[in-house]
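Asks: Residue numbers (the working numbering), protein chains in the order written: chain A, 1 to 119; chain B, 1 to 413.
Hints are not guaranteed to be accurate.
Claimed, not checked - Pairwise CB distance ranges, derived in the manner of DEER restraints: (1) A:P87 - B:R166: 50 to 60 angstroms; (2) A:T106 - B:K404: 16 to 26 angstroms; (3) B:S269 - A:E76: 41 to 51 angstroms; (4) A:L112 - B:R83: 21 to 31 angstroms; (5) A:L48 - B:E211: 19 to 29 angstroms; (6) B:R253 - A:A12: 46 to 56 angstroms; (7) A:P87 - B:D82: 19 to 29 angstroms; (8) A:N23 - B:D82: 53 to 63 angstroms.
What the hints contain is simulated information worked out from the structure, not anything from laboratory work. Yeah, the Cβ is synthetic: ideal placement off N, Cα and C, and Gly gets one too.
Now for the letters of each chain:
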Amino acid sequence: MQYMLLIYNDPALEPAYGTPEFNAMMGGFFAANERMKADGVLRGGEGLQGVETATSLRIRGGKAETMDGPFAETRETLGGYYVIDVPDLDAALTYAALIPSATFGTVEVRPLMDYNPAG
Amino acid sequence: MRVVTAPGAGAAIAVSRELDRVMRADRGRLVAVLAAGLRDLALAEEVLQEAAVSALSHWGRSGLPSSPTGWLLQVARRKAIDRLRGQTRDARKAQALAHLAGEEAAPDPQDIPDDRLRLIFACCHPALEPKSRVALTLRTVCGLTTVDIARAFLDAEPTMAQRISRAKAKIAAAGIPFAVPGPELWPERLDGVLTAVYLIFTTGYVAGPDEPRDLCREAEFLMRLIDGLRPEEAEIEGALAMMLLTAARRAARIGPDGASLPPADQDRSLWDAARLEEGRAILARAVARRAPGPFQIKAAIADCQMADSGPDWPQIAALYGALWRFEPTPVVHLNGAVAVAHAGDPARGLAMVEGLAGALADYQPWHAAQAALLAMTGDRTGAASAYATAIALAPTPAEALFLKRRLAALALV
Numbered sequence: 001m002q003y004m005l006l007i008y009n010d011p012a013l014e015p016a017y018g019t020p021e022f023n024a025m026m027g028g029f030f031a032a033n034e035r036m037k038a039d040g041v042l043r044g045g046e047g048l049q050g051v052e053t054a055t056s057l058r059i060r061g062g063k064a065e066t067m068d069g070p071f072a073e074t075r076e077t078l079g080g081y082y083v084i085d086v087p088d089l090d091a092a093l094t095y096a097a098l099i100p101s102a103t104f105g106t107v108e109v110r111p112l113m114d115y116n117p118a119g
Numbered sequence: 001m002r003v004v005t006a007p008g009a010g011a012a013i014a015v016s017r018e019l020d021r022v023m024r025a026d027r028g029r030l031v032a033v034l035a036a037g038l039r040d041l042a043l044a045e046e047v048l049q050e051a052a053v054s055a056l057s058h059w060g061r062s063g064l065p066s067s068p069t070g071w072l073l074q075v076a077r078r079k080a081i082d083r084l085r086g087q088t089r090d091a092r093k094a095q096a097l098a099h100l101a102g103e104e105a106a107p108d109p110q111d112i113p114d115d116r117l118r119l120i121f122a123c124c125h126p127a128l129e130p131k132s133r134v135a136l137t138l139r140t141v142c143g144l145t146t147v148d149i150a151r152a153f154l155d156a157e158p159t160m161a162q163r164i165s166r167a168k169a170k171i172a173a174a175g176i177p178f179a180v181p182g183p184e185l186w187p188e189r190l191d192g193v194l195t196a197v198y199l200i201f202t203t204g205y206v207a208g209p210d211e212p213r214d215l216c217r218e219a220e221f222l223m224r225l226i227d228g229l230r231p232e233e234a235e236i237e238g239a240l241a242m243m244l245l246t247a248a249r250r251a252a253r254i255g256p257d258g259a260s261l262p263p264a265d266q267d268r269s270l271w272d273a274a275r276l277e278e279g280r281a282i283l284a285r286a287v288a289r290r291a292p293g294p295f296q297i298k299a300a301i302a303d304c305q306m307a308d309s310g311p312d313w314p315q316i317a318a319l320y321g322a323l324w325r326f327e328p329t330p331v332v333h334l335n336g337a338v339a340v341a342h343a344g345d346p347a348r349g350l351a352m353v354e355g356l357a358g359a360l361a362d363y364q365p366w367h368a369a370q371a372a373l374l375a376m377t378g379d380r381t382g383a384a385s386a387y388a389t390a391i392a393l394a395p396t397p398a399e400a401l402f403l404k405r406r407l408a409a410l411a412l413v
């Protein structure tokens, strides 16, 4: 099954660039990436720029409304994601626990919709 | 006029009795083995139900099969294959189908694996709400009806039915495995399972034995099952011992006047000697494995409360100290404080209790403990006021009556 690991955290709690804590966090991400690749489960993943760069759009009455800011103003924001392919939720949770942000933020584990295009 | 019995009516009754018997005895095992193969609990239960309906007519016509359990499993699997053939757009269902097709031979009952431990771990998975874990375990492993479960947890039946079906849907959609967890996840997951079973026990203990399905018995059945499927595991033995020791006091916990009684004041002749002895033997076995854990400590506390010469308070206080290392909660601290007071230092016990005022202000046992310890230290006015609060918050009439007796006793000192 494929799962998306959505990484939410409060940017204020994230270690500052250049500090030893920041380097440790990056080392943690590097180690998690390597482990997922080595285990052959990694399907994709990206980090997102901060919510101050976000633009939201919706169409109402056929008209596009464009707004500054994220979908919802919350303290913890979506900062990035992985997509992994593993046998079950327990395996997905094991990889989620490798993500350094889990120690100061939250990793949400969601199964992807499962379609068999050949079916 | 004579009533003419239709030919075969006797046979039909025999068939329906046999089906009832097999379903009562083996339903949990059949659901477990089907769910583990299908990775879908709701589907497993539906196809088993359909197989049971087929059994009524088929067995009535052709007689009982040599292995009714094996027959039900085989027919349920065929029904699952039929259902899944219509839905192969879903990749995971196609996988389940391939798995089932490989298992189509009629199994001997001895060859049906006991997958109930896998089922229990799926039902008690931390990705499900705690209350759903309990409800799902009672429904699928113990075979309780939704009506019984709703009644035990004081819920409306449609609410409970919705809770159970949501939990089953999440197991399938989120990919919760039907698996006994490996060593890394084992301690945490086992604790989740034992806690769920213990919650079933305490719910039954509070409700009393008059419910249509006594949850204390169901919890004991589950704990014995888990112990049987995973023997020589100290914490499972500890949890079973705690349950047996607590259950042994059940008949004595309410006095003849309807007031609840602490172990020290209970009529020991009402204690269940067989359960007490078995609980102590299992606890001794667990402790000898030298792998301590919270359930073993709680069982040891229950054992010390039932010591032959009355509660061994110094030992109980020490055990709460040990429990604190596993469960650093205000409630554990409160129980430890009461033990310290009874062990000969009421002033220190009271100071510990009062230190928890902020954390436990809404917790009825905190007020009851404060009242008892104020009384022990000679503060009758303070004790009377704390008893009044504890009585107002008492969860059951039996508990309120017990506290009223204590309040009345203050005036006599």
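Asks: Determine for every hint whether it applies to the structure shown.
Replies: Comparing the hints with the structure gives:
Judged by the Cβ atoms, the range 50 to 60 angstroms given for P87 (chain A) and R166 (chain B) is violated: they are separated by roughly 23 angstroms. At about 48 angstroms, the beta-carbon gap between T106 (chain A) and K404 (chain B) misses the expected band of 16 to 26 angstroms. Separated by about 59 angstroms at the C-beta atoms, S269 (chain B) and E76 (chain A) break the suggested range of 41 to 51 angstroms. The hint said 21 to 31 angstroms for the Cβ distance between L112 (chain A) and R83 (chain B), and at roughly 24 angstroms that hint holds.
As the Cβ distance of L48 (chain A) to E211 (chain B) is approximately 53 angstroms, the hint placing it in 19 to 29 angstroms is violated. Checking the proposed 46 to 56 angstroms range against R253 (chain B) and A12 (chain A) shows it holds: the Cβ atoms sit about 52 angstroms from each other. For the pair P87 (chain A) and D82 (chain B), the supplied restraint of 19 to 29 angstroms holds, since their beta-carbon distance comes to about 26 angstroms. Checking the proposed 53 to 63 angstroms range against N23 (chain A) and D82 (chain B) shows it holds: the Cβ atoms sit about 58 angstroms from each other.
Going down the numbered hints, you'll see the structure goes against 1, 2, 3 and 5, while the others check out.
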